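Residues in the sequence shown are numbered from 1 upward in steps of one, following UniProt numbering.
Treat the hints with care, as some may be off.
Unchecked claim - Distance windows between CB atoms, simulated: (1) Arg49 to Leu298: 53 to 59 Å; (2) Arg234 to Arg49: 45 to 51 Å; (3) Arg120 to Arg48: 25 to 31 Å; (4) Met35 to Thr76: 26 to 32 Å; (5) Pro397 to Ile250: 33 to 39 Å; (6) Gly190 to Arg124: 29 to 35 Å; (7) Pro232 to Arg80: 43 to 49 Å; (8) Asp58 to His221: 30 to 36 Å; (9) Leu171 to Ile109: 35 to 41 Å; (10) His221 to Ala128: 42 to 48 Å; (11) Ile104 to Gly190: 16 to 22 Å; (12) Ala36 to Leu171: 35 to 41 Å; (13) Gly151 to Leu298: 53 to 59 Å; (14) Arg248 to Asn299: 37 to 43 Å.
Said to hold, decoys possible - Below are the SDA-like pairs computed for lysine to any residue, each with C-alpha atoms no more than 25 Å apart in a straight line: (15) Lys305 to Ala231; (16) Lys305 to Pro232; (17) Lys305 to Met238; (18) Lys305 to Ala237; (19) Lys305 to Ala262; (20) Lys305 to Gly272; (21) Lys253 to Leu239; (22) Lys305 to Leu270; (23) Lys305 to Ser263; (24) Lys305 to Pro397; (25) Lys253 to Met238; (26) Lys305 to Arg294; (27) Lys305 to Leu295; (28) Lys305 to Ile235; (29) Lys253 to Ala264; (30) Lys305 to Val233; (31) Lys305 to Leu265; (32) Lys305 to Ala230; (33) Lys253 to Thr241; (34) Lys305 to Glu398; (35) Lys305 to Ser261; (36) Lys305 to Ala264; (37) Lys305 to Val242; (38) Lys305 to Arg234; (39) Lys253 to Thr243; (40) Lys305 to Val271.
Rather than coming from a laboratory, the hints here were simulated on the basis of the structure. Here the structure is a predicted model, which means the values were calculated and not measured. C-beta atoms are modelled at their ideal positions from N, C-alpha and C, and glycine is treated no differently.
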Amino acid sequence: MAGAAPPGAAPVVRPEAPELARALSTGLLRLGDGMAGLGLSTSGRMARRVPGAEAFDDIDAQALCLLLDPPGVDLTGPARPAPEALAAQTGLIVFDPATTDALIEVQTIGRVDGAGRPPRRPTRIDAALAQPFARALLEQVHGILPPRHDGPMPGPLRAGSFIAGPDSLALVLTAPQFLRIDIALGFGHGARTGRISVLLPVDAASLPEDGSAPDPGADWHRTLQETAMAAPVRIEAMLPTVTIPLSRLIGMKAGDLIPLSASALSRVTLVGGSSGVTSPGRKTLPRNATLVARLGQLNGQRAVKIAALPGEAADPAAQPSSGAHGTAVAGPSFGGDGSAGSALSVPNAAKSGAMATAATDQLMSEMPDLDLSFDPGEAELPDLPDLPDLPDLPDLPELP
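Could you build the full structure based on these sequences and the hints that come with them?
This is the structure we're talking about:
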């Protein structure tokens, strides 16, 4: 095919933000032509994406750093973004010491004086003299870029603020990734060389409308949530509790039947652990919370159908108001099945403890004396009789 790369050829690397890099170079040349004595020229440019942790590594220790506000954000109104959110969207324009000295010399003595002096730490006066050039450069860039430019766009210069050196930049600018454009400059018709760098945040979340800071750990939280929601949770289906006298429990033997009320199939409870994140329209399920369900079958398999969530009333049409023995069926509740025999509300802890002690004393007084002594050398365990099979239960209702 026409234009196809030959086999084994290295992939073509496309330059980053070519329109913005070209606009910066053109804007610099236009400004140089309008400043007598500057003799500005450009000798090369490079644009690349760098992580936030590496964006300021090779910036000169004596460089003058001017902050760029996010484009299109009103920082003077009442809806000013929070400082954390603003730091993630702030850009930077950097003048190396040679460029700063050249701009100051042109405005003080009218020319670039020789090859330059040893680097020095910039002062607030240096920043005040360099800011008009930076502001004019940004205006040139906005005028050169096409109206529908969808790439990174530098915002306005932040008035009255500058940073001397890159030591604190990592604390002021917190974007995870930057587009960095470096342009090599010449001053005094080649007598001095310098460099200007522009760093703009890319691939970062836009400023929220409420001014809150973007969450840097959003991906980690999303992964944690997905992992937690995929974790297995044990669910136990339980029939309603049954209350029988203690004397009968002691006398029960294999084969005895415990009758259940006719409404037991529609009073099944599902007991599970914590449900994790709350779903819309549903209350959080704490540990040991219960859901009301109905027992039945589906496609030939035993199944339960959820009738009500914790704190919700069960469907009256699907749950009878009374069982065969006249036991009223209450609504669902946390930690119980809602029946009259499993009420959990205790008005007073001391009163409930006294009632429990009295009930225990009464049961112990009614228990018959049992001979619990047993010597395996004197007696042998009797053979257990064969137990008949339990009768088949009637078919369960088909769940809709």
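Checked hints:
1. Arg49 to Leu298: 53 to 59 Å: 55 Å, holds
2. Arg234 to Arg49: 45 to 51 Å: 48 Å, holds
3. Arg120 to Arg48: 25 to 31 Å: About 29 Å separates the Cβ atoms of Arg120 and Arg48, which means 25 to 31 Å holds.
4. Met35 to Thr76: 26 to 32 Å: For Thr76 against Met35, whose Cβ atoms are near 31 Å apart, the range 26 to 32 Å holds.
5. Pro397 to Ile250: 33 to 39 Å: Roughly 36 Å apart at Cβ, these two residues keep to the hinted range, so it holds.
6. Gly190 to Arg124: 29 to 35 Å: Since the Cβ atoms of Gly190 and Arg124 sit about 31 Å apart, the hinted range of 29 to 35 Å holds.
7. Pro232 to Arg80: 43 to 49 Å: 47 Å, holds
8. Asp58 to His221: 30 to 36 Å: Taking Cβ atoms as reference, Asp58 and His221 lie about 34 Å apart, which means the hint holds.
9. Leu171 to Ile109: 35 to 41 Å: With a Cβ separation near 37 Å, Leu171 and Ile109 satisfy 35 to 41 Å, so the hint holds.
10. His221 to Ala128: 42 to 48 Å: 44 Å, holds
11. Ile104 to Gly190: 16 to 22 Å: Cβ of Ile104 to Cβ of Gly190: about 19 Å, so the range 16 to 22 Å holds.
12. Ala36 to Leu171: 35 to 41 Å: Holds - the Cβ-Cβ distance for Ala36 and Leu171, about 40 Å, lies within 35 to 41 Å.
13. Gly151 to Leu298: 53 to 59 Å: Since the Cβ atoms of Gly151 and Leu298 sit about 57 Å apart, the hinted range of 53 to 59 Å holds.
14. Arg248 to Asn299: 37 to 43 Å: About 39 Å separates the Cβ atoms of Arg248 and Asn299, which means 37 to 43 Å holds.
15. Lys305 to Ala231: Answer holds: Lys305 to Ala231 is near 22 Å, not above 25 Å.
16. Lys305 to Pro232: 20 Å, holds
17. Lys305 to Met238: 13 Å, holds
18. Lys305 to Ala237: It holds: about 11 Å lies between the C-alpha atoms, which stays within 25 Å.
19. Lys305 to Ala262: This hinted pair holds, its Cα atoms lying about 18 Å apart.
20. Lys305 to Gly272: 15 Å, holds
21. Lys253 to Leu239: 21 Å, holds
22. Lys305 to Leu270: 10 Å, holds
23. Lys305 to Ser263: 15 Å, holds
24. Lys305 to Pro397: 11 Å, holds
25. Lys253 to Met238: 23 Å, holds
26. Lys305 to Arg294: 5 Å, holds
27. Lys305 to Leu295: Distance of about 7 Å is within 25 Å: holds.
28. Lys305 to Ile235: 13 Å, holds
29. Lys253 to Ala264: 23 Å, holds
30. Lys305 to Val233: Satisfied, since the Cα-Cα distance of roughly 18 Å is no more than 25 Å.
31. Lys305 to Leu265: 11 Å, holds
32. Lys305 to Ala230: Holds. Lys305 to Ala230 sits at ~22 Å (cutoff 25 Å).
33. Lys253 to Thr241: Distance ~19 Å between Lys253 and Thr241 Cα, so the pair holds.
34. Lys305 to Glu398: Answer holds: Lys305 to Glu398 is near 10 Å, not above 25 Å.
35. Lys305 to Ser261: 19 Å, holds
36. Lys305 to Ala264: Satisfied, since the Cα-Cα distance of roughly 14 Å is no more than 25 Å.
37. Lys305 to Val242: Given pair Lys305, Val242 holds - Cα atoms ~22 Å apart, limit 25 Å.
38. Lys305 to Arg234: Holds, at about 17 Å.
39. Lys253 to Thr243: Since the Cα atoms of Lys253 and Thr243 sit roughly 17 Å apart, the hinted pair holds (cutoff 25 Å).
40. Lys305 to Val271: The hint holds at about 13 Å.
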